[in-house]
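Participant: Below are the chains, spelled out letter by letter.
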Amino acid sequence: MNLLDFANSIEGYLLVSSILFVLGVFAVLTRKNAIGILLGIELILNAAGINFVAFSKFHSAAMDGQMVALFIILIAAAEAAVALAIILRFYRLKQTIDADEASLLRN
Amino acid sequence: MLMSLKAFLPELTLVGFLSALFLLDGFVPKLRENRFPLVWVMVSCLGAALATKAASNLTGPFFNGMVLSNGLSTFFRYFFFFSCGATAYLTLSSKEIDSRGRSEFSILLLCLTFGLSLMALSNHFLMLYIGIETVSIISFVLAGFSRESLRSNEASFKYLVYGAVSSGLMIFGISLIYGYTGTLAYPQIAEALVKNNGAHPYVFYLALFLVYAGFAYKISSFPFHFWTPDVYEGAPTPVATFFSVGPKAAGFGALLHFILTALSQKDGNGQWTMIPGIQLAPILAVLSATTMVVGNLSAIAQTNVKRILAFSSIAHVGYVLMGFVVMTPAAFSSIIFYLIVYCAMNLGAFWVVGIVTDLQGNDDVSSFRGLGWNMPFLGVCMAIFLFSLTGIPLFSGFIGKFLLFGALIQVPGYLWLALLGVLNSVVSLYYYMKILKAMWLERPEGEVKALRLPLTQIVGLLGLAVPTIVLGLFFSPVLELAQKWVAQ
Amino acid sequence: MQFPILSLMTFIPLLGMLVILALPKDKPNLVRWTSVIFTGVPLLLGVWLYRHFDASNASVQFVERASWIKAFNIEYYMGIDGLSIPMVLLTVLLSFLCVFASWGIEKGVKGYYAMFLFLESGMMGVFCALDFFLFFLFWEVMLLPMYFLIGIWGGKDKVYAAIKFFLYTLAGSVLMLLAMLAMYYYSEPHTFDLLALAENHKQFLDKTVTLFGATYALDKILWLGLFIGFAIKVPIWPFHTWLPWAHVEAPTAVSVILAGVLLKMGTYGLLRMNYPIFPEATQWASTALMILGVINIIYGALCAMAQKDLKKLVAYSSVSHMGYVIMGMASFTTAGVNGAVMQMFNHGTSTAMMFLLVGVAYDRVHHRWIVKPDGSKGFGGIAAVAPVYTGMMAIALFASLGLPGLSGFISEALVFLGTFSNPKYQSYVVIGSIGILLGAAYLLWMFMRVFLGPLNEEHKDMTDMNWRERLTLLPLCVLVIVLGVYPMPVLNLMGPTIAKLLAALGVA
Amino acid sequence: MAQSCLWIVALPLTAFVIQALVGKKLPRHGDWVSVLAILGSFAFAAPIFLEMIRSGHVSEVLQYKWMTMPGVEAAANSPVLNKAVTLTVGILVNNLTAIMLFMVTLCASLIHIFSTGYMHGESRYHLFFAYISLFSAGMLGLVISDNLLTLFMCWEVMGLCSYLLIGFYYQKVSANHASLKAFMTTRVGDCLFFLGICGLYVVFGTSSLSEIYKALQAGTGTGVTIVGVPALAFIGFMLMMGTVGKSAQFPLQVWLPDAMEGPTPVSALIHAATMVAAGVFLLVRTYPILEKAEIVLPVIGTIGALTAFLAACIALVQVDIKKVLAYSTISQLGFMVLGMGVGSFAPGFMHVITHACFKACLFLASGSVIHAVHTQDMREMGGLRSKMPITFLTMFIATLAIAGVPGFSGFVSKDRILGDALAYGMTHPGWMWIPILGFITAGITAFYMFRLIFMTFFGHARDEHKHHHAHESPFTMTFPLMVLAGLSLAVVFAGPTGIHSIDAKLLPVHWFDHALDTVKAEMGVHGLHVEEALEHRAHGLALMVSLTVAGLGIFLSALTYLKKVISAEAFEKSLKPVHTLLWNKYYFDELYIKVIIQKLLLPFTVLLAKFDDKVVDRTGVDGWATLTLFLKSIVGKFDDLVVDRMMVDGSGNVVSAGGWVLRQLQTGKVQQYLVFTFIVLGFFIFYFVR
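Chains as they are written, first to last, in this note's numbering: chain R, 1 to 107; chain U, 1 to 488; chain S, 1 to 508; chain F, 1 to 690.
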């Protein structure tokens, strides 16, 4: 069971997507920069997309797995657009996009 | 196909009004100054409600399984349209949404309501995801609606980060479930689960939790409630009002739908039994208990009224979750009744807070000082809403809790949850009375000057206060309605 | 359904509240006289009720029954029997007198009287309701006006006292809610009707319920749930700390109602629900109840002796007197229980007098210190300046310390006779009689320091009681003396019902 | 006959009501209303008394239902737990009642007449008469009542009147303290008395005396025990404690001397003739019960003897004329209780009657002396013999009576009691010290009474100014003295000389003995039964000893105070410690007031009140402030303003402690929110999924 076969089987895809997922979560939690957080979020969504495609390919003949992946990409794009707009205004108001700055509202 | 469109009529009317408003606003600029867009929203909600009435007899899946309309969904449709109309009525006199943003606000509001009904109707994970995303993205924008204020912007930023992560987790969970069951439509998932009766791999439970993350974020239950106080405090008050009623109910609708169709079977006489191998009750009980306790305890030492109401809404989520622990029709009808009652009193409370923040400028408890004496009508209404939120008899809040605890007590073994719930409502009395104490028990500094309330607000507040009392005494008609919806 | 007297008596004050809210703000006297009318009418109805109450039969009379919520077969079920008629009469009388006693209120007169009438209808409802849901509704509704009455028109730190009172009572009644629900769902034909629950109380016997892992007998847990709710109201020893605060801070008329009627709801509740529906659990807990009663007596008396504030002293004396009621109830003997219910009535009249009199002094001198906190003399030698006031206070004092010839003695004597005839509790009576001694000590010591001795110069110009105050106190004086000499008019009302209650208790 | 008894009580009661309400406005402030009322009662009492003398036997019982409570028709064998309970009210007229009624109404009327003179010009004159009328009603009610419960009620009404009358001059702080002390000490006795009544209910199911007499004869009530003690003994002890409280016997005698703060007619009426006698009357009424419980009587005897002796010693050193009389009253009461204890039922009762007359006379005489010289201190009096002849003469007769000189009523009853005590001592050797103590006390009584006479009436005036002003009291005050002095003669009770053997020849008066024998039979009392010979020998011996002792007392007193041969001061100095002990009344006052009340009770109550406020209120219920403080200290950086204000606002409790912890989680940074969320999610997954 060499590396190539592994890469081609379902486990390979799942391994990649879970790695991506963990990286995304880690990025969201630790990045100071707001854009960094957005990147993390995109990673998580893509991980889900890979998952869908992999399962659709290996397990069921139906195409709805790919269809969902398509929708994920679409929604990720919309989300990114709105997120960037918000971060832009945040920058215009605070002249910085450091996530920890946003702590006016607390306890 | 035609049948599906007919069943989808309410949403379609909504989209029709939405696009009409969109065009009108584009071409007739002077519409902005007067209150036309908000009135338009109300008219569209009315239209959608009538459409729901027409479509309510069509039950069963539509759009080949993507959407399921039954008694529950008709209830949630009425609920969303009513709360959207009420919020529009509320913003008529609000200073935070001034003439400049009124039309954008209306369009976004209608679009949000459309997303909500999508969530409640969805019978398929994809439709669910789309619904949740539409609602989330529009709420990010609404949260940050007042451009200049830094707090509103911060609120939207936090909501954005938190919301995106949670829906990310959810979609990852959905992908895992898709992997395990091979399908995304709820009924097929149920069949797949029944097939390998009880021997579910660990990953499936992990996936269930991740999916719950999406719902929990929407209804702000314990692990995912951190964003609520900051967003409610930062967002403009009408927006916060709608957040506390609309999306929360949609979250419950979707969760209810998911559990009932995907995770359990409905046997002959309308009883739901969980698919073997899935034991949700203990987990939900712990979640409900922790949500209640967190909501109530953190509200104790608050001095900002909007944060108090935010935590109180979290606490109420805890009470509703109690209904989920017990899978009986009585429990679900009490959940529905509780949501109706919660909507009325919460809208009222937020509305009064909105009026006071407009008048006094800041939303600290001290700005409520001596208000009962200056504006007795406002004081009385607020007293009614707060007493009802605490669950004092004679008010509808008590009946809601009464039904919930009644359903819970019938199941042996969860008496401790009922006891915790009951003690929590005592604790909640303290912070509700903190507001009332400021309004009535402290005399205003200057001499008592009676401020006049505009007529619209009086009518609106009465529209919410009167049912809170009437439902407290004669609640059987509404209860029968709720039971009918659940039975369908 | 003949003339619905009970509903009338309950809802006329509510109607009065609405009428008052509609009255113009700037005419206080008009508001005062309307509230006099709206408390006077229930008083007249009360008298009519007393005359037509058939004292010989033990069952419920003047029953009014209408179905209210079919889904839970909750009924609007009102009726009174031997237990509730004395309390109803006491409520109606005290509310009528208190309207006169609060003539001195200037701030927010309309709000005050509206809340007061709301309170009266709440109290009436509690004593007449026979459906647990209706009882619970009135029980909690009564808290709202009390919160505002204490919170707005109260004394120095009224806010703390008001929220403390509300939190306490709500915590108790919330436990009652759970017990109510459990009783509803565990009873065969799901019902809230107290009398039906009492008939087949066997159904609660051999069931168990699990709480935090351990399993307990159902009827004991339910009994405990109800007991805690009522014990807070009585107040029984560990739950009594709200009473001194609420009394000291409440305006005179409100503390009269608080002491005169609200305290009795706890014991009334115990007799109406705990005794008939859970007889076995009541017997299981009877010694505990007796011990708590004795603690109440001694603890209240000792604390009263150390008080420097007149009103706090009277508050602690109420704790002590309610101890007798609990003792009488726990003895399960005819004389004991009759004495307990009689003490509920007598304590109502004598404490009401004492609070009104303290109010009279407070209106004139604006302080209530027997000995000022800094040790200097508070009141002193008032007898020289206000003889009639001293005479009235003497009558009130001697009535409440149980001097024969006045009403206090009758109920204390019955409680002691009853408890003594139960061989188990004879030593408790000996300790209880120490309570009588302490009672006489702190009351007369207060009387001496406040009224006798050389006159304290600050109160030289203290005027004696005016006609209005004398008229409010006259009926109570007459009641205290007449019932002291010949208690049968009130005592024969409760006899048959208590006999039925004891039979149901199955006491040997 | 019973109807007239009702009138006897009703008249003074109505007088009280009239006086209390409209007394001030009536002419002469309505004193005539009270006097007429009491005279009316006397008029009703006299025929009953005469009927008793004529027919030697009068007996009637009247009963009304007072309170009825329906009970459960429980099984026959069930204890008295919840059977029907009926409390009755009733009148019992027998020879005892007749005699007591006559004596009480007579003394009361005389004292009413006396006080019209004595109290003339007082500020609250009408209230005084109101209180006295209420008192008389109470006393008469007690005398005629058949049911112990109504007896208890009148008992306490009298306690109330003594409280009001002692504190009549309420401006004086000492008067207030005295009245409070009186009420509280009698209240102690009353509480125990009431427990006795409860005991009666448990044993006999009723507290009506006539039924109890029948039940005792039928032998019920032997097996039952109360609180582990045999029932009748328990009841006996409790009744005894009632008497001890009311008649100021040994442990509870502190209040009577201080009761002298009240006006003198009050002392005469309440603290000589009637109220204190009521205590002994209770023993007389319930004697059959005491006899049935054997161990109670000796205890009563000891208490009586001890009180008599101790009170007599204190009287030796007193200088205030009323204090001397007060202690002599306690001593004489001790004698009566001693009599009851040793079984001499009839003489004991006779001593109650005779003592009432001569002690009332003594008090009224001292009242007229005080009225004349405006001081109560005997050291400032002297030589008043010439100034106030009538007062001197009547007081002298009464003193002879109390000293036990033959020919006077005191000697008759005291000699018989001592005789019976001696007989009792002979048959029960263990209790021989009771009669010995009795004889010594008789001697001391003679000594201090004559000391009083010599210091006030003989010798030269010590204070010229007062002596000059002294004048004889008006007729309204001297007339009662003369009547009472007349009653103090032996001829009234047992014949001219009072000595049995001599009287049999001259003019035997037997009405009292016949009355007592019939009532003893009626009640089932058999008193001290000793063989004929032994009793005769004992009485002879007792006669000899009491004569010598009385003579010795008078002789010594004459030597020290009349002839100044023995100097009292030297005597005092030599026995300095004894004198101070007696002067401070065996430190009883200090023990009760200073130690028990001020050192133990009050500090404890203050402590308890603090405990109640701080501990039960704060920690037990709404005050976990301590926990929050603890959390604050360990966490360090902390939003003090918010938390302090929360605690200061007083309702910081476990909830707020929890609230504070949770609020620390809301740090405002969204990423930290997510961290908390993931932690909790991880915990959930780990815990549930496993």
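Incorrect hints may appear among the rest.
[As the list claims (entries may be wrong)] To give a feel for the contact side, a few chain F residues facing chain U, derived at Cβ under 10 Å:
id, residue
1, V661
2, Q666
3, G668
4, I679
5, L681
[Stated by the list, open to error] A few chain R residues that don't get close to chain F, going by computed Cβ distances all over 12 Å:
id, residue
6, G12
7, V28
8, T30
9, I37
10, A99
11, S103
12, L105
Don't read these hints as lab results, they were simulated from the structure. No residue lacks a Cβ here, since even glycine has one placed at the ideal position from N, Cα and C.
Participant: For every hint, state whether the structure bears it out.
Facilitator: Comparing the hints with the structure gives:
Interface hint at V661 (chain F): satisfied, since its Cβ lies 8 Å from the closest Cβ of chain U, which is below the 10 Å cut-off. Of the supplied interface hints, the one on Q666 (chain F) holds, with its beta-carbon coming within about 6 Å of a beta-carbon of chain U, less than 10 Å. Nearest Cβ of chain U to the Cβ of G668 (chain F): about 7 Å, under the 10 Å cut. The hint holds. The interface hint given for I679 (chain F) holds, since its Cβ lies 9 Å from the closest Cβ of chain U, which is under the 10 Å cut-off.
A least Cβ separation of about 5 Å between L681 (chain F) and chain U falls short of the 10 Å threshold, and the interface hint therefore holds. The beta carbon of G12 (chain R) sits about 25 Å from the closest Cβ of chain F, which is more than 12 Å, so the claim that it is off the interface holds. Residue placement check: V28 (chain R) does not keep its beta carbon more than 12 Å from all beta carbons of chain F (closest about 7 Å). At roughly 8 Å, the least C-beta separation between T30 (chain R) and chain F is not larger than 12 Å, which violates its mark as non-interface.
Distance to chain F contradicts I37 (chain R) as a non-interface residue, since its nearest Cβ pair spans about 8 Å, not more than 12 Å. Consistency note on A99 (chain R): stated as away from chain F, yet its beta-carbon is not over 12 Å from all of that chain's, at 6 Å minimum. Interface exclusion of S103 (chain R) from chain F breaks down, the closest Cβ pair being 3 Å apart, not more than 12 Å. Its closest Cβ contact with chain F, about 6 Å, brings L105 (chain R) to no more than 12 Å, contrary to its assignment away from the interface.
In this structure, the earlier hints numbered 7, 8, 9, 10, 11 and 12 are contradicted, and the remaining ones agree with it.
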